[in-house]
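Number of protein chains: 2
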Amino acid sequence: MNKLYDVIIIGAGPAGLTAGLYTSRNKLSTLLIEKGIIGGNINEAEKVDNYPGFPQGISGIELTTLMHEQAVLYGTEELNDEVITVKTQDKIRIVKTSRGDFSAKALIIAGGSERQKMNVPGEKEFTGKGVSYCATCDAPFFREKKVAIIGGGNAAIFEALHVAKFASKVNIIHRRNELRATAIVQDKAFAEPKIEFIWNTVVTEVEGEIFIKRLKLADVNTGEESSVEIDGVFVAIGLIPSTSYLKDIVALDNMGYIIVNDRMETNVPGIFAAGDIRSNSIRQVISAAGDGATAAFYANIFIEK
Amino acid sequence: MNKLYDVIIIGAGPAGLTAGLYTSRNKLSTLLIEKGIIGGNINEAEKVDNYPGFPQGISGIELTTLMHEQAVLYGTEELNDEVITVKTQDKIRIVKTSRGDFSAKALIIAGGSERQKMNVPGEKEFTGKGVSYCATCDAPFFREKKVAIIGGGNAAIFEALHVAKFASKVNIIHRRNELRATAIVQDKAFAEPKIEFIWNTVVTEVEGEIFIKRLKLADVNTGEESSVEIDGVFVAIGLIPSTSYLKDIVALDNMGYIIVNDRMETNVPGIFAAGDIRSNSIRQVISAAGDGATAAFYANIFIEK
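Those protein sequences? They're chains A and B, same order as listed.
The numbering used here applies: residue 1 is where the first sequence begins, and numbers increase by one.
The numbering used here applies: residue 1001 is where the second sequence begins, and numbers increase by one.
Be careful, since some hints might not be right.
[Stated by the list, open to error] Cβ-to-Cβ under 10 Å is the rule here; a few derived chain A residues that face chain B:
1) Leu17
2) Leu28
3) Phe54
4) His68
5) Leu73
6) Glu77
[Claimed, not checked] For each label pair, taking beta carbons as the anchor points, the in silico distance ranges come out as:
7) Gly1238/B / Asn119/A: 48 to 58 Å
8) Ile301/A / Glu1046/B: 25 to 35 Å
9) Asn119/A / Glu1046/B: 44 to 54 Å
10) Lys1117/B / Tyr245/A: 49 to 59 Å
11) Gly1238/B / Asp253/A: 29 to 39 Å
12) Gly1256/B / Glu304/A: 44 to 54 Å
Since the hints were derived computationally from the structure, they do not count as laboratory data.
Glycine included, each C-beta is placed from N, C-alpha and C at the ideal position.
Chain A extracted, bound-state conformation:
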């Protein structure tokens, strides 16, 4: 067993980095565990226009680099490793990783969520170059452009309606012949003249040069191939919260997100959640960062009690 930290934070996206800034600035010894790259999903954003304080916009990676610099400035320690599980023993939270066990008085879970990928050729290559997973973030970049939305659930249709405020045309490409979105949301999509549906169809490849140019498609019933020329595509086929190891540890909602109150407290005293991983998160940098600060504040109070 290693030393007892005041706080362990799982995940080094905007929520975890802000939590680390706040706990370490409050002189709480803090370990920040990240399995991948510092910064989280927002690193993929070429330009973030809606993080308050940067009216000219800032790239995702620049923003998280600044956040990281600020967190370590006050002494947040870091570990690059994957969390295997978490358990509570007496009043101590133990975080198991491949490099051993780490323990803390309070735990802030900020492990985010992963976008469900299409897993087709070109998708990764054109991410940030026309392939996006967040319409709220990127729709304004597609004014008077042709855009496709992949998916048929509420998130997909909300994104389509949002994108239609900017784009000249929106193709909704869905693998089934009907939407899963709620009726009222569907009605709005059907009433929007810019939106056109391509049913029973999946994307087989993303093509382009420097920037995306077209999607290759296949009919799921006949296998017939086609393509559609577009300037951008929003993939909205779901998110996966990184909570598989937490099922028996904290209460999750039916989508797998961690249930919290307005203090970012989970149902387990001393365990907090922040950012995209928590239920009802709006999945924005500013709200994730705000959550991180709130979780850190109430973790501090929990420890001092």
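Starting from the known structure of chain A, fit chain B onto it as the hints suggest.
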């Protein structure tokens, strides 16, 4: 009756400005009503070190100026006026001001909080004549003077450290025998030779002639009276949420803050709250801004339903 806005936001601090950025960027017509100066209480902060993205720190007024620039960039309209009351009529929220009624489909209340007064004889009389509620504003007037700070929280100690750059001596007068301020802030105060603490003590009266001259004090345990000769006093004993006009409109907690859930929804559909004015707010710029984004997001969903 003026035009029907999608969203009216009350208060142009970090919460309101971020809400405005989000609603207007989502093409919701937005009116932002502020009775005072754009930016809110944080304007008084000479340096903000804990807003993620600015590792070198930024002044409060610089930060809110950037936030304001960003909100109006997307079309947020502004009105400089005080809100008298709010009412709901059918599905419309009506905001009454001295310049008339303004109506919207959704309302985001982000009116923040105001500084608590001591409510002792002489306080009002000598306000602006030695009694101040803003060290950032007034500290330079007290070069080589003797000054007192009332309070023991972060705000009080920050003010004391700031005033110590100018004054010859700073007495921190606190009704308890320990500070509520965070450890790192406390350490700085204890290390500052100009600062001296008067514990377990309250101010009973402010005395002077044209200008303040002394504070009458009482020990909270023994009742023993004393006095301290000073040239100025900064009162930093807390905040009062600006919710007096909302008592019968939304549910408030026992401190007068607006009760919300993790979506920033109040108990009234279509009315949201964000920032310092909401219950359990940690009163930080980052969390207020995060709240503002969350309120804007769920206001958007509310309107579309």
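29 to 39 Å as the expected CB spacing between Asp253/A and Gly1238/B, which holds or is violated
holds (36 Å)
Indicate whether the distance between the beta carbons of Ile301/A and Glu1046/B respects the range 25 to 35 Å.
At 27 Å between Cβs, range holds.
Quick check: does the Cβ-Cβ distance between Gly1256/B and Glu304/A fall within 44 to 54 Å?
For Glu304/A against Gly1256/B, whose Cβ atoms are near 25 Å apart, the range 44 to 54 Å is violated.
Verify the interface restraint on His68/A: the C-beta must sit less than 10 Å from at least one C-beta of chain B.
holds (9 Å)
Can you verify the interface hint for Leu73/A: is its Cβ closer than 10 Å to any Cβ in chain B?
Interface hint status for Leu73/A: holds (6 Å vs cutoff 10 Å).
Does Phe54/A hold up as a contact with chain B if the rule is Cβ-Cβ below 10 Å?
holds (7 Å)
Is the hinted range of 48 to 58 Å satisfied by the C-beta distance from Gly1238/B to Asn119/A?
Given about 54 Å between the Cβ atoms, the range holds.
Given Glu77/A as an interface hint, is its Cβ closer than 10 Å to any Cβ of chain B?
Because about 17 Å separates Glu77/A from the closest Cβ in chain B, which is outside the 10 Å limit, the hint is violated.
Using 10 Å as the Cβ threshold, decide whether Leu28/A counts as touching chain B.
Since the shortest Cβ distance to chain B is 8 Å, the answer is holds.
If I claimed the Cβ atoms of Asn119/A and Glu1046/B lie 44 to 54 Å apart, would that claim hold in this structure?
51 Å Cβ-Cβ, so the 44 to 54 Å window holds.
Range first: 49 to 59 Å. Now tell me if the beta carbons of Lys1117/B and Tyr245/A are that far apart.
holds (51 Å)
Would the stated hint for Leu17/A survive a check requiring a Cβ distance to chain B of less than 10 Å?
holds (7 Å)
Violated hints for the displayed structure, listed by number in ascending order: 6, 12.
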